[in-house]
Amino acid sequence: MKYLHLIWASLFRSKTRTILTLVSIVAAFLLFGLLDAVRTSFAQAGQSANGAQRLQTGSKLSFIQLLPQSLQARMVGVPGVKTVTYANWFGGAYQDPHNQVFSFAVAPNYLDVYPEMAVSDAERKAFADTRTGVLVGEGLAQRFHWKVGDRIPMQSTIFPDRSGSKNWAFDVTGIIHSTDKKASGFFDQMLLLHWSHFDDTTPYNRGQVGWYVTRVGDVNQADRVAKAIDALSANSDHETRTQTEQAATASWVKQLADIGLIVTSIMGAVFFTLMLLSGNTMMQAVRERTGELAVLKTIGFSNASVLAMVLAESVLLLVLGGVIGIALSEPLIPVISHGSNGMLSLSPVGPGSWALGLSLMLAIGVLVGALPAWSAMRLNIVDALARR
Amino acid sequence: MTPLIEIRDVSKIYERGRQKVEVLHHIDLDVAQGDFLALMGPSGSGKTTLLNLIGGLDTPSGGSIGVGGQRIDNLGASALAKWRASQVGFVFQFYNLMPMLSAQRNVELPLLLTKLSGAERRKRAAIALELVGLADRASHKPAELSGGQQQRVSIARAIVSDPTLLVCDEPTGDLDRQSAEDVLTLLRALNRDHGKTILMVTHDPKAAEYANQTLHLDKGTLVEQTVA
Amino acid sequence: MKIWVSLLLILLLAGVLAVWVILPWQGALVLAALFAAWLVATRSGRRAMSVANVGISTLGQRLGSSAVIVVGIAGVVGVLVAMLAMAEGYAETLRKTGSLDTAIVLRGASAAEVMSGLDHDSIVQIAQTAGIARDAKGEPLASPETVVAANLPLKDGTADDEGSVQLRGVGAEAWTVRPQVRIVDGRRFTPGLRELIVGRGAAKQFAGLVPGHEIRLGSQTWTVTGVFASGDALESEIWADANVVAETYERGNSRNSVTVRLANPTGFAAFKSALEANPQLKIEASTTLDYFSKQSEGTATVIRIIGIVVGTIMAIGAMFGALNTMFAAVAARAREIATLRAIGFAGLPVVVAILIETMLLALAGGVIGGATAWLLFNGYGASTMAAGSVGKLSFELHVTAGVLWQGLKWALAIGLIGGLFPAVRAATMPVTAALREL
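Chains as they are written, first to last, in my numbering: chain A, 1 to 388; chain B, 389 to 616; chain C, 617 to 1054.
No lab work stands behind these hints, which were simulated from the structure alone.
Keep in mind that a hint or two might mislead.
Derived coverage of chain C by chain A (criterion: at least 3 residues anywhere in the stretch with Cβ under 8 Å from a Cβ of chain A; other residues may be distant) [claimed, not checked]:
| # | segment |
| --- | --- |
| 1 | 645-653 |
| 2 | 678-687 |
| 3 | 939-950 |
Only a predicted model underlies this, so the values are computations on that prediction, with no experimental measurement involved.
Glycine included, each C-beta is placed from N, C-alpha and C at the ideal position.
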């Protein structure tokens, strides 16, 4: 665009003012980048191509209630079911009861249902062959400096062994690499031990299972299969509730907090103050330049083109600051995920957030520039020139 | 020969609040192609107003103005803007250059309204700067130029799209003696060697000597014509 | 030379801010009093005031740009106060649940009640330990309790939307151990029957928790007989007879915890040593105040950190907005300021005057932001999965005086930074150049 140079030069006519305003815009959109990453991470939790094929079955009574292991054989027989695996919450903690570790006692075929967890064949075999073996997520291993071959002590905050001691010991047989970048934080921080060893060692489990995970053959049949699974235990003393992984995660997230509401409210306050600030800057800019705008009109620039130029300037200001802001948030996101020790696994700023951000920049740019642009358009040439 | 500019019975009334002030009364004037006309008169005589009307910056309250056979008194704002872009070049007392643009870019401004390519625009601007003797200052910003140099850049801008008419409002009003002479010499050369029609408002009789006709305005009416 | 001055300024600023961060409100009042005294008593103080007065009286002409500072800072303070109020409300609700004269006994090395498990023998021994208050019949005021989770449909969701509520099976002594719990609707549950009472908070979150209604827990039907209130975290729970709950959840005779009332309000240490002296018990005891306070720490800290991070980024935006406005204000009044300095006003009164103006605007922003947050959010109901429990905890945001003071501190700090550099510019710009500008 041939007018770009003129618009750019007009924007930086007062360098101090423009740069100070830009920093404020950068700050606002930096916050947007971070908060929108949080919002989308929570909104998309549990939504993945692989997740769509998985159903979670838990006790209808409560999430801490256990299910009989015998249910597995019956579930496999339900039409549409490809694989059924199970897991128990181990309640592990390392060195301090408050240093919680995401630890699960799992069935031998657990990894088959989670292709996102990549473990080398050699390590899979080592795990299968070692009763006290564990597979550890990459991030978790890094956090506590564990290597394959280490014998690590682990407490269970819930389950003691037969002697009453809550201290368990495991052998690290392999590392889990997460192939799903979006949910990487979660798989990265997991520890998997053998269910059989767990059930044998603690007297409190008694052959029960925490929950089942089922892989369905056809994603479109998921709901039907879920209902069929629940029908197996209807009216028994261990009624089940089966949901798609997405529904189960969404329900869990919803109970945590209404993240969407909080994020939207904060960003509302941020953008409101931003509009006032940039609006003020644009009004000042136009007021200072009435003479120059009048000269443009004398040269032959139409009223409409002057309006367009001021609007373009305003949008350029917002887009410049906004793009820098969101770009700055990108390297910060992994820092936050890392710092939360796996509690938050934030996805990087995706095209959705960029699209939303850009539309906000455009909208705010237009809104903020509307009044100054209109007054520039209506500027009377003769009066403005006479005022010089 | 039909005059380039035909002004018939033109009046201009300004409304300040509830007061009506008649600044120009029934002006009749012809300006021939290639004329260099000086317009003089005491302050408040309406000379700037007349200039603004001829240049298409304002419309008369009564009467008609024709330039090059086209009536401009009945054009709307955007039509006038278009007309100005191709027909008129302005030179102001306070130069009115864009402070954030280089001399080259300043001169190119009117060409942004044409369909010329970037390279074409640069070429024409360079030629205009050459004409006013400032080719070596093309990349300087106005703050880096003296008053006289800024005015010459402003003249380059005024002629770059080859307009029919050059309208100058006190072009030497803010310049020292030497710079004023340079500017006036330039204007005269543009008129004599390149045939530009020039209308110049001035209060300096010495400046008026460079023109080949002087008109006097007093209280909104033409008083006398002196031919140089 | 300029660079050293700027560096010195930044160092000075850092020092002032470090002190400001830890200053309690009494300290600020003392500072304010001292400053007011300086303004009135010294000559340069009075000069500063007169310059400031001129600036303040012309604020009306610069409404737009002044609004930028006020609204920008109000935004920062509003968001910060809201987040801190959330953390405060959450922590308070949990803290209030405990007291110094009741203790909770769990299995050793349990991070929370729900993870602990005590067998019948241990429970009997715990109840017999010295230090527990006794009732008129000489029975110890000890309530062995079972804590489990129950899935119930949420009030504001589809029929399929379920949430988890913490179900507490309580012993007969539960009422004497926790006297703050009182029935506000209906009646207590009958021991031995599938009846339960629901806390006020739980009744707000879940559907159908109304006296007389029946709800399904798993495959069994229970009847709601009453609603209780306690003004703390217990209100988010539903209660029933421990024996019936244990049967439903197949816990047999074991319980999660024993909560006791101490005979002597300061007798916790003695009680604890008595417990630890028993070689057959592998337990952990703490006052309920201690226990619940610790439970709240993690989440409350997370909320506070989020508030501070968000607030900081917003504050940067507001600060640059203030810098912009004040630099422009100083530029616009360059001639006045230069004239004053030409007359003989030294740099300091000019600096102080500009700072006064900026900080007054900042103060206005802080007050407006805090007041808005208080109006909108104080008492606002929220809920989350509480750490250490298995049910949704309902709590209310609490905009305390402490939280408002924090917000005000931030506002004034932003005002100080945003006004300092323009103020110094005003005091040091070349007088002759400014006077020449027409």
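Verification of the supplied hints:
1. 645-653: violated (count 0)
2. 678-687: holds (count 5)
3. 939-950: holds (count 5)
Hint compliance for this structure: hint 1 alone is broken.
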